[in-house]
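Participant: Model the full assembly from the supplied sequences, consistent with the hints where possible.
As given, the protein sequences belong to chains A and B, one line each in that order.
If you use numbering that gives the first Met the number 0, the first sequence corresponds to residues 0 to 326, in order.
If you use numbering that gives the first Met the number 0, the second sequence corresponds to residues 0 to 326, in order.
Treat the hints with care, since some could be wrong.
Where chains are identical, the list cannot tell them apart; a pair therefore holds if satisfied intra-copy or between any two copies.
Said to hold, decoys possible - No farther apart than 25 Å at their CA atoms in a straight line, the calculated lysine-lysine pairs in the DSS-like style are these:
hint, residue 1, residue 2
1, Lys40, Lys120
2, Lys159, Lys27
3, Lys158, Lys29
4, Lys303, Lys200
5, Lys26, Lys200
6, Lys264, Lys29
7, Lys127, Lys192
8, Lys124, Lys192
9, Lys325, Lys6
10, Lys17, Lys61
11, Lys162, Lys29
12, Lys29, Lys254
13, Lys267, Lys227
14, Lys27, Lys40
15, Lys27, Lys200
16, Lys124, Lys276
17, Lys237, Lys27
18, Lys6, Lys29
19, Lys221, Lys326
20, Lys159, Lys29
21, Lys26, Lys162
22, Lys280, Lys248
23, Lys26, Lys158
24, Lys159, Lys91
25, Lys6, Lys267
Treat the hints as calculated values from the structure; they're not laboratory data.
Number of protein chains: 2
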Amino acid sequence: MLFEPEKLYKKEIAKFEKKYSKLITNKKPKSLYEPCNHIIKSSGKRLRPFLVMLSALAVNGKISSVINAAIAVELLHNFTLVHDDIMDNADKRRGRVTLHVKYNTNVAILAGDNLIALAYKSLLKDCKHSTNDVVNDFTQGIVEVCEGQSLDTDFEIRKKVTKEEYVTMIQKKTASLLETCCSIGARLGGGNKQEISALRKYGNYLGLAFQIQDDILDIMAKEKELGKKIGGDLIEGKKTYLLLSALHKAKGKDKELLKKVIANKGIKSNQVDSYRKLFIKLGVIEDASKQVNNYTKLALKQLKSIKNEQAKISLEWLANYLTNRKK
Amino acid sequence: MLFEPEKLYKKEIAKFEKKYSKLITNKKPKSLYEPCNHIIKSSGKRLRPFLVMLSALAVNGKISSVINAAIAVELLHNFTLVHDDIMDNADKRRGRVTLHVKYNTNVAILAGDNLIALAYKSLLKDCKHSTNDVVNDFTQGIVEVCEGQSLDTDFEIRKKVTKEEYVTMIQKKTASLLETCCSIGARLGGGNKQEISALRKYGNYLGLAFQIQDDILDIMAKEKELGKKIGGDLIEGKKTYLLLSALHKAKGKDKELLKKVIANKGIKSNQVDSYRKLFIKLGVIEDASKQVNNYTKLALKQLKSIKNEQAKISLEWLANYLTNRKK
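Facilitator: Spelled out as structure tokens, the structure:
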């Protein structure tokens, strides 16, 4: 029978959800653990946990031996969302009201802090060996996420940002955590240096492709599929890969129009359509899609030496799935 | 020559400061590391680092082998201060302007998050063995601090809080981190189960004594010595050990006066004097001092089996020093 990666994904994530949803039961004080649970009960693609599992499998480790590590990266990811949402003043996340809106900022700060600690607790449960390296990689992931978030905030104020600087930022803010997932999965699965390094690079390139695809979807997706307003990044005046490319390519009147996005700190909802057309005219969407494909190819290239066939197929499937996603 | 613990303290903390002050040099982005450095450059008693050192020495480990762990606990302590100051809306800390006031709340949230990660990074440097246990204890410290902070916030809203509940809160919010210092110092120093357990208890009792002494100093110290306004807890309407004891003991008119502190969410500066007199009249200061002495005695009792004489003398000195401090 043909191996179907999507079936593996559904099966393993179902197991994951069962354990993850029971992580906090009857813990006190309620004022701390109820908000933490609100976050844990939010749905998600569980991309990061699946990466941990597949990276362990890739080096012929057992998926069952890294479930707690998979929970750890999801907790860590959620900590970043909770604190980012405070900083970004975001009201909603994945269709649910954000923590600092549902409760208050203090509760959200504290719940985020506690999620970090719960993440480490969970991670340690799966550390039967290589503990120092695994915890170090995990911690480096946090450092880079903080650095990336700080750069992102810097870019908001700065007038000029290059595409290269943008890539450095998303490498830290998004790609580093995917890299962490792969490296700790591979380490806990018993991988050797070469395997860990290859999977780590896979995670990094996957993260870059993922984030630029995110930027594209923000303006090119259908509102129904995306589940949120189209053009949000432009409305908020975010310096995404698309806007930076467009500024680089445009001349004359077009350039003036694009500069307005930054000068006015965003555009109005009814202007999104015309900017989308401008992006298409300038070939910016095409360029960005090429970038996504390039990074995806680089990610796939790292999988050459992967021994475990099921993991290899699944990691390939995952990369292609993320590149072609509509939401 | 007689061994002088204060000399050991000064000598070892001087070494600590040298390394600690250089922790972050030329790291980017500046927007993240400058605020982190602002915190690192703040002075402090360095009580927690010294506890790590003495606990290692107590089991005949080398102080030099736990310097990074000592840095880790100071970073962790400072993370709690940065996030607590946001939650408490505090403008100043140790005479310096707080991070969210100097920069803004977003910067302070992110710097705090990064301090946690830097703390783990530093801790791992000293983990040549027992890594899982050490990192687990460290993480448990964070969990308890979060739980304690959450309880503290709960108490602000609740009308009635018992003295027992208050002790549970300070056990988590203050004592647990001192316990962590002792346990990781003892573990890294190569201590056995009994030694780790004894030192852990020492840290816990020391923390309880320390916090209640803090409550006493807040109203009984001299402003010049304390370096901040006297009666701050009462002005803010904080349910300290003193206020809870007083409410328990008082009757009639006195009780009505005390209830006003809670009903009005604090008192005015010019009322501090009369409340101090009331506390003294009710014997509340005496009771609290007895409690401090009890906890200090319990802390000292744990040191009976400590092998290393210098560590023993220093841990005794530290407990007595903290109990008798004027600031």
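Participant: Each hint should be assessed against the structure and marked as holding or not.
Facilitator: Hints and how they fare:
1. Lys40 to Lys120: Within one copy only: 19 Å inside, 30 Å across.
2. Lys159 to Lys27: Result: close only across copies, 18 Å inter versus 48 Å intra.
3. Lys158 to Lys29: Intra 45 Å, inter 17 Å, cutoff 25 Å: inter-copy only.
4. Lys303 to Lys200: within (12 Å within a copy, 54 Å between copies)
5. Lys26 to Lys200: Between copies, since 24 Å is at most 25 Å while 38 Å is not.
6. Lys264 to Lys29: between (40 Å within a copy, 23 Å between copies)
7. Lys127 to Lys192: Both, since 18 Å and 20 Å are each at most 25 Å.
8. Lys124 to Lys192: both (23 Å within a copy, 20 Å between copies)
9. Lys325 to Lys6: within (20 Å within a copy, 67 Å between copies)
10. Lys17 to Lys61: Answer is within: at 18 Å inside a copy they meet the 25 Å cutoff, but 46 Å across does not.
11. Lys162 to Lys29: between (45 Å within a copy, 20 Å between copies)
12. Lys29 to Lys254: neither (53 Å within a copy, 31 Å between copies)
13. Lys267 to Lys227: Classified as within: same-chain Cα gap 16 Å, cross-chain 50 Å, threshold 25 Å.
14. Lys27 to Lys40: Answer is within: at 17 Å inside a copy they meet the 25 Å cutoff, but 35 Å across does not.
15. Lys27 to Lys200: Between copies only: 23 Å across chains, 40 Å inside a chain, cut-off 25 Å.
16. Lys124 to Lys276: neither (51 Å within a copy, 53 Å between copies)
17. Lys237 to Lys27: Answer is between; shortest inter-copy Cα gap is 22 Å, intra-copy 40 Å.
18. Lys6 to Lys29: Result: close neither inside a copy nor across copies, 37 Å intra and 46 Å inter.
19. Lys221 to Lys326: within (8 Å within a copy, 62 Å between copies)
20. Lys159 to Lys29: between (46 Å within a copy, 17 Å between copies)
21. Lys26 to Lys162: For Lys26 and Lys162, the Cα distance is within 25 Å only across copies (22 Å; inside one copy 46 Å).
22. Lys280 to Lys248: within (11 Å within a copy, 79 Å between copies)
23. Lys26 to Lys158: For Lys26 and Lys158, only the inter-copy Cα distance (23 Å) is at most 25 Å; the intra-copy one is 47 Å.
24. Lys159 to Lys91: neither (29 Å within a copy, 35 Å between copies)
25. Lys6 to Lys267: neither (43 Å within a copy, 66 Å between copies)
The structure shown violates the earlier hints numbered 12, 16, 18, 24 and 25.
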